[in-house]
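Protein chains in written order, with the UniProt record's numbering: chain A, 1 to 246; chain H, 1 to 246; chain W, 1 to 246; chain R, 1 to 246; chain P, 1 to 246; chain E, 1 to 246; chain L, 1 to 246.
FYI, nobody ran anything at the bench for these hints, they're computed from the structure. All C-beta atoms in this analysis are idealised placements derived from N, C-alpha and C, irrespective of residue type, glycine included. There could be a bad hint or two in this list.
Said to hold, decoys possible - Just a sample of chain A residues kept apart from chain H, beta carbon distances all over 10 Å, derived:
1. Phe-94
2. Val-136
3. Gly-174
4. Glu-195
5. Leu-197
6. Gly-206
What the hints assert, rightly or not - Calculated pairs, DSBU-like style, for lysine-lysine (alpha carbon to alpha carbon, straight line, at most 35 Å):
7. Lys-59(L) - Lys-214(E)
8. Lys-59(H) - Lys-214(A)
9. Lys-214(E) - Lys-216(P)
10. Lys-216(P) - Lys-59(W)
11. Lys-59(H) - Lys-59(L)
12. Lys-59(A) - Lys-216(L)
13. Lys-214(W) - Lys-216(H)
14. Lys-214(W) - Lys-59(R)
15. Lys-59(H) - Lys-214(R)
16. Lys-216(L) - Lys-59(P)
17. Lys-216(A) - Lys-59(L)
18. Lys-59(W) - Lys-216(H)
19. Lys-59(H) - Lys-216(A)
20. Lys-216(A) - Lys-214(H)
21. Lys-214(L) - Lys-214(A)
22. Lys-216(W) - Lys-59(R)
23. Lys-216(P) - Lys-59(R)
24. Lys-59(E) - Lys-59(R)
25. Lys-59(W) - Lys-59(H)
Claimed, not checked - Now the in silico label distances, taken between C-beta atoms and shown as ranges:
26. Ile-48(P) - Gly-61(E): 32 to 40 Å
27. Ala-52(W) - Gly-61(P): 35 to 43 Å
28. Phe-53(P) - Gln-31(E): 44 to 52 Å
29. Gln-168(L) - Glu-175(H): 53 to 61 Å
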Amino acid sequence: MTSGVADGRMPTMLRPLSHRGGSAASARRAQRARTVGSLLRSVASFVIYGVAFVLVLSKLGINIAPILASAGVVGVAVGFGAQNLIKDFLSGIFMMLEDQYGVGDVVDLGDATGTVEMVGLRITTVRDVNGTVWYVRNGTISAVGNSTQRFGVAVVDMPIGYTADVDQAAEIAGEAARQAVARAPLSDDVLGEVETLGAQDLTQTGITLRLTVKTKPGRQWAVRRALTADVKMALDTAGITATAAA
Amino acid sequence: MTSGVADGRMPTMLRPLSHRGGSAASARRAQRARTVGSLLRSVASFVIYGVAFVLVLSKLGINIAPILASAGVVGVAVGFGAQNLIKDFLSGIFMMLEDQYGVGDVVDLGDATGTVEMVGLRITTVRDVNGTVWYVRNGTISAVGNSTQRFGVAVVDMPIGYTADVDQAAEIAGEAARQAVARAPLSDDVLGEVETLGAQDLTQTGITLRLTVKTKPGRQWAVRRALTADVKMALDTAGITATAAA
Amino acid sequence: MTSGVADGRMPTMLRPLSHRGGSAASARRAQRARTVGSLLRSVASFVIYGVAFVLVLSKLGINIAPILASAGVVGVAVGFGAQNLIKDFLSGIFMMLEDQYGVGDVVDLGDATGTVEMVGLRITTVRDVNGTVWYVRNGTISAVGNSTQRFGVAVVDMPIGYTADVDQAAEIAGEAARQAVARAPLSDDVLGEVETLGAQDLTQTGITLRLTVKTKPGRQWAVRRALTADVKMALDTAGITATAAA
Amino acid sequence: MTSGVADGRMPTMLRPLSHRGGSAASARRAQRARTVGSLLRSVASFVIYGVAFVLVLSKLGINIAPILASAGVVGVAVGFGAQNLIKDFLSGIFMMLEDQYGVGDVVDLGDATGTVEMVGLRITTVRDVNGTVWYVRNGTISAVGNSTQRFGVAVVDMPIGYTADVDQAAEIAGEAARQAVARAPLSDDVLGEVETLGAQDLTQTGITLRLTVKTKPGRQWAVRRALTADVKMALDTAGITATAAA
Amino acid sequence: MTSGVADGRMPTMLRPLSHRGGSAASARRAQRARTVGSLLRSVASFVIYGVAFVLVLSKLGINIAPILASAGVVGVAVGFGAQNLIKDFLSGIFMMLEDQYGVGDVVDLGDATGTVEMVGLRITTVRDVNGTVWYVRNGTISAVGNSTQRFGVAVVDMPIGYTADVDQAAEIAGEAARQAVARAPLSDDVLGEVETLGAQDLTQTGITLRLTVKTKPGRQWAVRRALTADVKMALDTAGITATAAA
Amino acid sequence: MTSGVADGRMPTMLRPLSHRGGSAASARRAQRARTVGSLLRSVASFVIYGVAFVLVLSKLGINIAPILASAGVVGVAVGFGAQNLIKDFLSGIFMMLEDQYGVGDVVDLGDATGTVEMVGLRITTVRDVNGTVWYVRNGTISAVGNSTQRFGVAVVDMPIGYTADVDQAAEIAGEAARQAVARAPLSDDVLGEVETLGAQDLTQTGITLRLTVKTKPGRQWAVRRALTADVKMALDTAGITATAAA
Amino acid sequence: MTSGVADGRMPTMLRPLSHRGGSAASARRAQRARTVGSLLRSVASFVIYGVAFVLVLSKLGINIAPILASAGVVGVAVGFGAQNLIKDFLSGIFMMLEDQYGVGDVVDLGDATGTVEMVGLRITTVRDVNGTVWYVRNGTISAVGNSTQRFGVAVVDMPIGYTADVDQAAEIAGEAARQAVARAPLSDDVLGEVETLGAQDLTQTGITLRLTVKTKPGRQWAVRRALTADVKMALDTAGITATAAA
């Protein structure tokens with residue numbers, strides 16, 4: 001599910017400009033460069049000539065306070081409007097310093113969940129389960145959830161009917177899970193013992209059993225799916241089903 | 001579903017003014033130009049004469065501090081009110097620099113989801129599935145989801161009854177999907193192998209099987225719909241249905 | 001559903017003052033004018049006399065800094081309180097420049113959805129489906145959805161029972177839709193071919209078929225309603241119903 | 001449902017002080033006046049003596065910058081705290097200028113919906129359907145919905161069973177509505193023809209027919225209730241009911 | 001349900017300090033006074049000595065700008081942090097001026113609903129239906145709903161089965177309500193006639209009839225409960241029940 | 001449910017540092033002290049040396065305006081970042097002055113509900129029903145609900161079937177409640193008479209009867225539970241059940 | 001469920017940089033260091049050379065006010081953008097001073113719930129039940145819930161059918177719980193007596209019994225699960241089930 005941009009893991013701010021290919025893309029890039037370039041050039045000339053002009057006026061003995069006040073209005077607007085940019089960059093710098101995630105990690109950034117494709121100073125790029133690429137501004141992330149650090153936990157929540165015997169069902173489920181993690185496909189992904197927690201939840205309509213097992217980072221979802229199937233089969237065989245009418 | 005504004009893909013800030021035709025539109029445009037023009041003219045004269053007047057007062061030796069303070073009140077209001085504009089333009093410039101999306105891409109901007117019709121410095125125009133055109137201010141976009149970059153993933157979630165055998169159902173579904181992506185209409189859209197993930201979800205009322213397959217960008221929805229129909233037919237044939245009472 | 005203020009489509013800021021008639025309204029208007037007029041007069045005199053008084057004090061050699069500081073407190077409050085007004089006007093100017101919508105368009109402004117009755121610099125007036133007139137401040141609009149630009153798309157979502165054959169149902173539905181758009185009342189509103197997308201959604205309780213067809217702007221809702229009735233009748237005739245028990 | 005404060009429709013800021021009667025109320029008013037009066041007196045003396053004191057210090061040659069800085073802290077707090085007041089008054093002034101609503105109109109202000117009892121510069125008073133009086137700050141209103149301007153629209157949404165014939169049901173419903181609006185109690189309230197829109201919504205459980213008719217302002221709810229009863233009776237007579245099992 | 005603090009209805013800011021009795025409370029009050037007192041004393045000494053110290057430095061010819069700048073940082077923080085306090089007091093003053101509610105009124109303040117126990121300049125105290133006392137900051141109240149001003153409206157919403165005859169049911173319900181308000185316990189609370197509005201709502205599962213009657217302020221809930229019971233009994237007697245299976 | 005920190009009810013800001021015991025805790029405290037101490041020391045030295053350095057530069061005749069401007073940037077950030085702290089302390093001071101709650105009270109602070117364990121100037125500590133200790137910043141509390149002031153109200157909402165006779169059921173329920181509050185375990189907790197309010201709510205599926213009784217502060221929950229059991233038993237005995245099918 | 005970073009419990013700001021191992025991680029760290037280092041170096045040179053340049057201009061007699069004003073715009077943006085950082089650090093310092101939680105505690109921080117892995121000045125690291133590691137910015141935490149302080153409370157909510165006898169069921173449940181906490185596996189975790197609160201909730205579909213018992217910190221969940229199973233078995237044996245049809 002993860003896809004590396006294998007030949008260039010280095011996070012650079014300018015990255016996104018070059019990571020599509022083909023001549024249509026290059027035409028588009030050239031056009032974009034022209035648009036942004038001319039804009040920045042206009043702004044820069046405007047600022048420089050403006051400052052020079054005001055300095056000249058000041059040398060001629062004209063009181064420049066009213067002009068500065070007018071410029072201040074623009075300055076306040078720009079300063080306030082730009083604070084989001086600064087917030088994004090500062091957040092990005094600290095995230096990088098603290099090594100919260102890297103390319104290939106599976107993360108939950110609030111606005112998007114998926115595999116990190118690129119770590120930038122202003123934005124982080126994540127590809128979700130549908131293949132959609134998300135560009136998330138670093139400043140909008142209040143908490144980062146990283147599911148691929150050192151180990152994961154596969155949590156199996158199994159619904160059983162209200163009339164079932166909780167202890168017996170937990171024992172059967174635990175035994176099935178222990179056998180499953182001892183066999184070949186799962187034994188490679190599992191790091192610890194199966195823990196049978198028992199009746200996690202009990203409502204008028206049924207009981208939810210919970211089992212957990214520590215896994216290698218990034219393998220918790222596959223282990224959970226495999227254990228779900230195996231535990232359900234064991235409960236079916238024992239005549240314990242999800243609805244009360246066994 | 002996408003519609004190009006074929007003869008003018010260049011994103012320019014002034015674009016929207018000219019992309020409706022006919023004489024009614026041109027009358028409307030003229031009127032709009034007059035309204036906005038006269039407004040801007042009034043504001044400009046007001047500012048210029050005001051600054052000149054204050055400079056004259058200052059030359060006459062009158063203390064202009066109280067007048068500047070009054071003007072400052074207006075300045076603060078304008079500066080704060082204008083910060084959203086600046087935010088929109090700065091966001092637009094960085095989105096363009098980072099090439100987050102282009103005309104024809106299918107994007108999720110939070111406020112609107114659809115095909116990009118125009119990329120502007122202040123607003124992005126998107127046409128959604130009902131044909132509604134959305135003008136989204138760039139500064140209000142906190143995360144961009146682009147579904148048309150390099151590849152997509154078709155995720156098929158298939159409900160089956162609780163009493164079904166998970167492994168057998170997954171095998172039948174996987175086989176049906178593999179045959180479907182090998183045949184003509186889908187084989188062109190598919191980039192990788194079908195992955196049978198198994199029991200994604202298990203509740204008291206049923207099980208959800210999940211299959212995924214990598215597709216060409218923008219084709220994931222068509223592939224998902226086709227696979228859904230084929231997999232359902234295969235499960236029906238095998239006597240595995242969505243409700244417990246098989 | 002739309003209602004033009006036919007004799008005066010020009011968007012002007014002062015419009016709303018005059019668009020109710022009768023003598024009761026004129027009495028109300030006169031009263032309102034008096035209330036607001038006296039308020040503005042008081043504020044203006046207060047500001048002018050205040051500035052003059054401070055200038056006199058300053059001429060008399062009194063340090064006016066403490067007085068200015070006190071005035072600054074009022075200024076900050078007014079400046080901050082007025083920023084919403086500025087935001088409204090700036091948003092209105094840009095919306096007009098970008099021609100996002102005009103009188104008679106059907107728009108979704110977030111706070112209100114309906115037919116535009118008036119485009120103003122501070123507020124936009126929209127009449128919704130219940131005939132309620134909404135005054136929406138331009139500064140509170142983060143995204144505008146315009147459903148009447150160049151074309152619309154009628155999206156027909158048709159529920160069928162889980163046990164139905166998806167491909168057969170889609171074929172019957174598509175054929176019925178194609179015949180409907182070829183006949184007189186709809187053929188005038190439709191711009192393109194019917195697209196049969198297939199199984200859009202599949203749950204334990206049923207399947208949702210989706211068909212789409214491009215229509216003239218503003219006609220998508222009528223086309224959708226007509227196609228819904230025709231497609232349902234065709235499916236009924238073929239014995240495919242919305243619930244599993246056919 | 002509306003109740004005029006008949007003898008005093010003039011919107012004045014000081015209104016609310018006098019619109020309760022009796023001696024208990026007058027005692028309460030006197031007490032309130034004392035509380036607020038003494039507070040304002042204290043604040044005013046504090047400000048005036050403070051400014052005078054600082055001016056004296058300044059005349060004595062003492063550097064008053066540190067004192068002004070301390071005062072500035074209070075000023076910032078007051079200025080920021082007071083911005084809501086300014087926002088309320090500015091919103092009120094523009095609402096009045098634009099004549100968005102008047103006493104007796106039925107409005108939706110977001111925080112409260114009902115009949116306007118008083119239009120003030122800072123707050124608008126609305127009485128809702130339960131007789132509760134709402135004091136809404138004008139600055140918190142982002143969009144005003146006025147249901148009593150020029151005309152209203154009665155929208156009748158009629159549920160019918162899935163198995164019904166849509167066109168036949170729409171015809172029966174439309175005919176019943178047309179007869180109803182032609183008869184005495186409704187014919188006075190209705191301004192236009194009944195429009196039969198057809199199948200507005202179609203789900204697995206049923207169909208929703210929609211009819212609309214233009215009415216006099218403020219009469220749309222009574223017309224809707226009357227039409228609902230008449231159309232339902234006509235459908236009942238024709239054997240078309242709300243559930244599938246006819 | 002309301003409880004007066006009978007011996008002291010005057011709203012004073014310092015009130016809450018003294019309205020619990022007993023020696024434990026007085027010990028607690030003394031302790032609290034010590035804590036807050038010492039804190040305020042420390043802050044005051046710090047501010048006064050600080051200002052004096054800076055004035056001395058300034059007299060000695062030392063440039064105090066850097067020191068003032070450092071102090072300004074603290075000032076900004078305090079000023080911003082204190083703006084909520086100012087907002088609370090300003091809101092309280094205007095609420096009192098406009099007499100939005102008094103002790104004993106039943107109000108909805110957003111954060112809490114109940115009987116007003118105390119009207120203060122910073123907070124309003126309300127006791128809700130469970131006897132919980134709520135201290136609500138005046139600045140957080142955006143709209144006040146007062147249910148005890150001049151009159152209330154009892155709204156009776158009565159569900160009946162879909163198959164019932166709407167007009168007949170409305171007539172029976174209206175007649176029952178009219179008889180009820182004419183009899184002793186209710187006739188004292190009611191101010192106007194019963195209005196039978198008819199079918200307020202119609203869904204696939206049933207119809208909702210609505211009746212309203214004007215009542216004395218604060219009596220609308222008792223009247224509604226009594227009418228609900230009487231109207232239901234009348235409908236039961238007539239064989240019209242809440243579910244379709246009559 | 002409440003737990004006193006019996007030997008130290010005095011609210012002090014420094015409290016939390018010392019209220020865990022054992023050598024592990026003291027080691028942890030020492031470590032924490034070192035971390036925070038070194039941080040504060042660094043900041044203090046940095047500020048003092050910085051101010052001194054700038055004063056020296058100023059004495060040497062160097063224009064320190066640019067340096068002050070740079071420092072101002074840091075100052076703005078710190079000032080804004082610290083405003084939350086100030087808000088917390090100011091809220092805490094006023095809460096204490098107004099005696100909104102004390103140690104042992106049961107309060108609802110929005111973020112947490114439970115028994116107050118400590119009242120601090122910056123944070124309030126509350127232990128909820130699961131034994132979780134909540135540290136709530138005083139500045140985030142917009143309304144405080146105190147359930148232990150002078151009295152509480154036990155509200156018993158009893159569902160009965162739609163077909164029941166409302167008046168008879170209310171009489172039986174009221175009688176059962178009156179007998180219950182007259183007997184030993186409840187009579188000590190109850191302060192007033194049982195009030196039988198009648199049909200609080202009436203839907204298609206049933207009726208909700210409501211009874212209330214005033215209780216000693218903090219005893220309303222126990223009284224409600226006891227009354228619920230007794231009233232239900234009385235209704236069961238009388239053959240009035242929660243569902244229509246008696 | 002908790003996992004200590006046993007060999008390094010000291011909370012240091014620089015921690016996260018070193019807590020992954022292996023050569024891939026060290027390469028990544030080096031790269032990250034280079035990226036951030038070069039960025040910081042550029043910013044520092046820019047600021048220092050800028051200040052020096054302005055000082056030189058000032059010495060040459062050029063009015064530097066316009067230049068300072070331009071720089072101020074950047075300053076405002078940076079200052080505002082950095083306020084979140086300051087907020088994070090200040091929150092972290094106070095959390096540490098108040099010892100709200102330590103490594104190994106189970107906390108609810110709003111954005112994430114789990115076992116604390118690291119307490120930093122800017123962020124707190126928490127591992128949740130699925131093994132996902134959450135990096136939470138201290139400034140975004142408005143209330144901290146710590147479930148491992150001095151004791152916990154196991155709350156058992158047991159659904160029983162409406163027709164059951166509440167007192168009898170409560171007695172059976174209480175007895176079962178008392179026996180369970182007296183036996184070996186639970187007796188070590190429990191600190192107090194079982195409290196049988198009775199009917200916590202009563203709806204049309206059933207009754208919820210509640211029992212609570214004080215436990216050692218962090219053991220409340222295991223005790224709750226064990227008691228749930230035992231109490232359910234006791235009720236089953238007594239013929240009291242979760243649904244009305246016993």
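For each hint, the structure was consulted:
no.: 1; hint: Phe-94; result: holds (19 Å)
no.: 2; hint: Val-136; result: violated (5 Å)
no.: 3; hint: Gly-174; result: holds (17 Å)
no.: 4; hint: Glu-195; result: holds (19 Å)
no.: 5; hint: Leu-197; result: holds (17 Å)
no.: 6; hint: Gly-206; result: violated (5 Å)
no.: 7; hint: Lys-59(L) - Lys-214(E); result: violated (80 Å)
no.: 8; hint: Lys-59(H) - Lys-214(A); result: violated (80 Å)
no.: 9; hint: Lys-214(E) - Lys-216(P); result: holds (25 Å)
no.: 10; hint: Lys-216(P) - Lys-59(W); result: violated (64 Å)
no.: 11; hint: Lys-59(H) - Lys-59(L); result: holds (28 Å)
no.: 12; hint: Lys-59(A) - Lys-216(L); result: violated (78 Å)
no.: 13; hint: Lys-214(W) - Lys-216(H); result: holds (25 Å)
no.: 14; hint: Lys-214(W) - Lys-59(R); result: violated (80 Å)
no.: 15; hint: Lys-59(H) - Lys-214(R); result: violated (66 Å)
no.: 16; hint: Lys-216(L) - Lys-59(P); result: violated (64 Å)
no.: 17; hint: Lys-216(A) - Lys-59(L); result: violated (65 Å)
no.: 18; hint: Lys-59(W) - Lys-216(H); result: violated (78 Å)
no.: 19; hint: Lys-59(H) - Lys-216(A); result: violated (78 Å)
no.: 20; hint: Lys-216(A) - Lys-214(H); result: holds (25 Å)
no.: 21; hint: Lys-214(L) - Lys-214(A); result: holds (29 Å)
no.: 22; hint: Lys-216(W) - Lys-59(R); result: violated (78 Å)
no.: 23; hint: Lys-216(P) - Lys-59(R); result: violated (65 Å)
no.: 24; hint: Lys-59(E) - Lys-59(R); result: holds (27 Å)
no.: 25; hint: Lys-59(W) - Lys-59(H); result: holds (15 Å)
no.: 26; hint: Ile-48(P) - Gly-61(E): 32 to 40 Å; result: holds (33 Å)
no.: 27; hint: Ala-52(W) - Gly-61(P): 35 to 43 Å; result: holds (38 Å)
no.: 28; hint: Phe-53(P) - Gln-31(E): 44 to 52 Å; result: violated (36 Å)
no.: 29; hint: Gln-168(L) - Glu-175(H): 53 to 61 Å; result: holds (57 Å)
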